[in-house]
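Enquirer: If you're matching them up, the sequences are chains A and B in order.
Using the UniProt record's numbering, the first residue of the first sequence is number 1, and each one after it goes up by one.
Using the UniProt record's numbering, the first residue of the second sequence is number 1, and each one after it goes up by one.
Please keep in mind that the hints were generated in silico from the structure rather than gathered at the bench.
Keep in mind the model is a prediction, meaning the values are calculated, not measured.
Honestly, I wouldn't trust all of these hints.
Any copy will do: because identical chains look the same in the list, a pair fits if it lies in one copy or spans two.
[Stated by the list, open to error] 25 angstroms max Cα-Cα, derived SDA-like pairs, lysine to any residue:
no., residue 1, residue 2
1, K483, A466
2, K483, D510
3, K255, A466
4, K483, P292
5, K344, V295
6, K302, P468
7, K344, L252
8, K344, D248
9, K132, E340
10, K132, R186
There are 2 protein chains.
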Amino acid sequence: MNTRQLTELGQQLRVDSVRAADAASSGHPTSSMSAADLMAVLLAHHLRYDFDRPAHPGNDRFILSKGHASPLLYAAYKAAGAIDDAELLTFRELGSRLEGHPTPRRLPWVETATGSLGQGLPVGVGIALSGKRLERTGYRVWVLCGDSELAEGSVWEAAEHAGYEHLDNLTAIVDVNRLGQRGPTRHGHDLDAYARRFQAFGWHTIEIDGHDVDAVDRAYGEAESTSGQPTVILARTLKGKGVAAVEDREGLHGKPLPDAEEAIAELGGVRELRIEVQDPPAARVLHAVAAPGQVELPRYDKGDEVATRDAYGQALTALGGAREDVVAIDGEVGDSTRSEYFAKEYPDRYFECYIAEQQMVAAAVGLAARGWVPYAATFAAFLTRAHDFVRMASISGAGINLVGSHAGVSIGQDGPSQMGLEDLAMFRSVYDSTVLYPCDANQTAKLVAAMAGLDGVRYLRTSRGASPVLYGPDEEFPVGGSKVLRSSGEDRLTLVAAGVTVHEALAAADSLAEAGIRARVIDLYSVKPVDRDTLRQAAEDTGCLLTVEDHREEGGIGDAVLDAFLDGRPVPRLVRLAVRTMPGSASPAEQLHAAGIDAESIATAARLLVEQAVVR
Amino acid sequence: MNTRQLTELGQQLRVDSVRAADAASSGHPTSSMSAADLMAVLLAHHLRYDFDRPAHPGNDRFILSKGHASPLLYAAYKAAGAIDDAELLTFRELGSRLEGHPTPRRLPWVETATGSLGQGLPVGVGIALSGKRLERTGYRVWVLCGDSELAEGSVWEAAEHAGYEHLDNLTAIVDVNRLGQRGPTRHGHDLDAYARRFQAFGWHTIEIDGHDVDAVDRAYGEAESTSGQPTVILARTLKGKGVAAVEDREGLHGKPLPDAEEAIAELGGVRELRIEVQDPPAARVLHAVAAPGQVELPRYDKGDEVATRDAYGQALTALGGAREDVVAIDGEVGDSTRSEYFAKEYPDRYFECYIAEQQMVAAAVGLAARGWVPYAATFAAFLTRAHDFVRMASISGAGINLVGSHAGVSIGQDGPSQMGLEDLAMFRSVYDSTVLYPCDANQTAKLVAAMAGLDGVRYLRTSRGASPVLYGPDEEFPVGGSKVLRSSGEDRLTLVAAGVTVHEALAAADSLAEAGIRARVIDLYSVKPVDRDTLRQAAEDTGCLLTVEDHREEGGIGDAVLDAFLDGRPVPRLVRLAVRTMPGSASPAEQLHAAGIDAESIATAARLLVEQAVVR
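The following block holds chain A by itself, in its conformation from the complex (with noise of 0.2 angstroms):
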């Protein structure tokens, strides 16, 4: 096309852009309308797809980072023949595709949901990292950034992580519009500034007028042309561009133009420019990985004392051997959470993210998009760094495997700012997610291996000392069950328990015993989804459940406990004993204690709540 022609492109864009937000009534025109020739030029020269084959290894990848521009996204899929004019006008409606975001969940040409800003960048080095070591099918990776969301961190983890890697099949676009959402930016028109930040970085930059077409092209251009470097284009821009009533000005974020119809007609009016969108340049089967061999998973011992960090490392090991698809991800602590293990046998497959959570999450859910199997690992408590991140893959859909180690106060001496003790909370809260809490060996290595077939997000917590193998290794636990480790026709009260204190409970169970105080005992390592059954017939037995975990009180255990039993049914009388206090330093043993949840504290409350006592 030449230069009219896509100039022309870019005013179908921006015109379509207004009409959808018109017809919703609501979105983001004039964020659409400053990146709109930068759209355009890439779709029209650059972009390499096959919008009939979304999965086509070769296809470029094109991620809309300032998500809020969707709009534009959509006016895109129209030009290239992906959807009608009339979908296009279906935009943030019930049941649309098109909604106020984007999400892979609706549309396949979707790579990850956007709409947190920062998100974009990161997720494409995760893209640009499989393309680069794993697939290695040429594809190029593109991800338009607003100017605003440069100031998120985590787009430096990305810009470091990059530039370290020597990413030059990764180009982001900068739309450099000066206006966030309350108004400019903190550099404005200044691309220099941009320039310098992304360069100490190790990044290519190169800066031009972003409406400028032909400069918009030879830009491309020159990012597809570099090697050894990602490329950053920042792209000087004017909001709502193209129309007077709202060009470069600010209190418009967000809200539709106030006279469309006059918009369009300044814009040009309708048009209805199609584009044939360049095909990728070979088509090859899916980073060829051998189907999935027989997994010979690691072997413990009954009565051997093995952390379920370890277990963690071993499993992941053996599973990588038998799958090629699985890949592993640290945040620099891979000798503490025993990634290391997979990292020596297979570090072609392994992602070193340094201390950088949000970035390890986001190029778990990049490695994911690509069809692998991520296991990304750092301590539990670290994990909270990367919420948003995890939140947005769940809004994705993206198939990630994340472990927590040094779950609790049991880690001992080092105290509560490296103990996991919300971690239960954040996942149970994550729409699809599944949460396992293994408290032995043999238990973690199938749970490591069986979290690999799962949807959603799925979460391990992994414990830092070391337990008694309490399971045989040929034990089943499927997800979403429970184990009855004591049980008589006596019980007089369960204790649900998962982890490390799966232990202290059955100690306590022991001495009840003794006390001639029979207790159910039961192993919860499937957090969620929950066993209902089986805690409800504890409950039938048993009418009391006292459960007892290293986490806080709140959206841990004890309330996964309650989700059996929320359907109107009757109740059982319930006691939670969990982590209520700050700790301190102090041994494993006398922090277990000091919560109140080691196998003392649980016999204390148990023959209270026996005795019907109020123990709160």
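We have chain A; now place chain B onto it with these hints.
Expert: Same frame as chain A, now just chain B:
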């Protein structure tokens, strides 16, 4: 002190670090040894601090961002005479003030809890903002960082903020010892790599040999005399410096020295140098603010339609008029959260953090550390970005107010990326937190004022859309209370709601009454702490409770209600209505209906519950 004395002091700090970790049999001596000379020179020649008066307004502020190097900090305290040698050797013991990672809960000289890397500099920015813009007492903020933590995006949010605000009262000292926990950092000893990055963000940079005490001394002097820019001192150091068995070696992170006695001998033995730390220059009253006046909160008429976010902005502005210690912070969405109302009235006390939620919460923590009462707001969904900062704030015991707007599916068309659906779970699980969720404007105003006087992390959840004012302006809403909005002697169940669902529950109760079913309605505006007495009374009177919330089912209002029944006493029948689906775009009313939390859904579930059927 001369070169030899400074060097001796550095050796003493090393020896005492080794001794403390040896006594504890855990800890991070090698990470302490790399920074010992940096600390020695700071303590002896540059820090102005009265250890007997940590609240002295002229005191410099020191933050050990690499909190695991706590042995070095405690060794410095000993050298300054703040603690004695016997206490030093209680390091990491149960009950000791000298925790694995320092916290202000236990030690008066610690500004903020560290141990989650990448947080010291952002909090330091908050303190420096207070010093520069509010207190103006001339103190300097010194932050000692590790090199591996520079991978955290939060560090670059802080770098951007400090550079943009010209915080020349802030000095970052980076202990570039080239080794992280697992192994080498990305940039090793390449000081230039770090310098380029900081320079790009507007910092003055100084590169030195961190073991050359004279060079360190000169660098601190240069930082002190640099105006208009923050300074970063990039110091090339060796991990484990001074002991050949560990110096510059991998695999020794977080481990006591293998032979402490030999190491101490190699370091020249135990010393007993005692430093007189410089006094701060002048004793001024802690930021002279007038005594709080009478707060004239906004008053709304019953029946008027007002969004709770509007009431937040108006109440905060009123509070700011009565209390000069109230400050407001926002993440570039003040036009949505309504922080902008405050910003317009009190621009001097308003801090724009742009789209950097980690820095926003860190600024709140830093400002709270200096005695201010900060209110920081963004969309509830985006507060998840700062989860780890909130977690660490609770470990600090920081008194901060966080406000999340745009809660739940009821925001409408923007879709799930913008919906706060996990925020109640996140904030409930935070130690010592308060969680408030008002349903009308007068309630919001009262709660905004009440928050200021509470301990710990306080969270207020606001809604996007307008809702009718239910309460008169003189109604009181004690934290920990609730309001019974419908009640009779014939109530057959209780509807428990908060925020937007209160209005739905009231409509449901009306339609149920028409069908002959009387329902009690409780407005649970205080989600944590929860009003146990009222809930128990309702359970006793009506036998079953139906909770309804615009939040995920895990960790929110349903779980909060259960907190009232976890004492071993009989539990009522319970049903929970919450958001179980992944929303798309739709109108607010359509969203509430699709999620099954509108009046119709409530009435249907209530009828089933009353008929004792299983509804799940």
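Enquirer: Going through the numbered hints above, which ones does this structure break? Give me the numbers in ascending order.
Expert: Failing hint: just 4.
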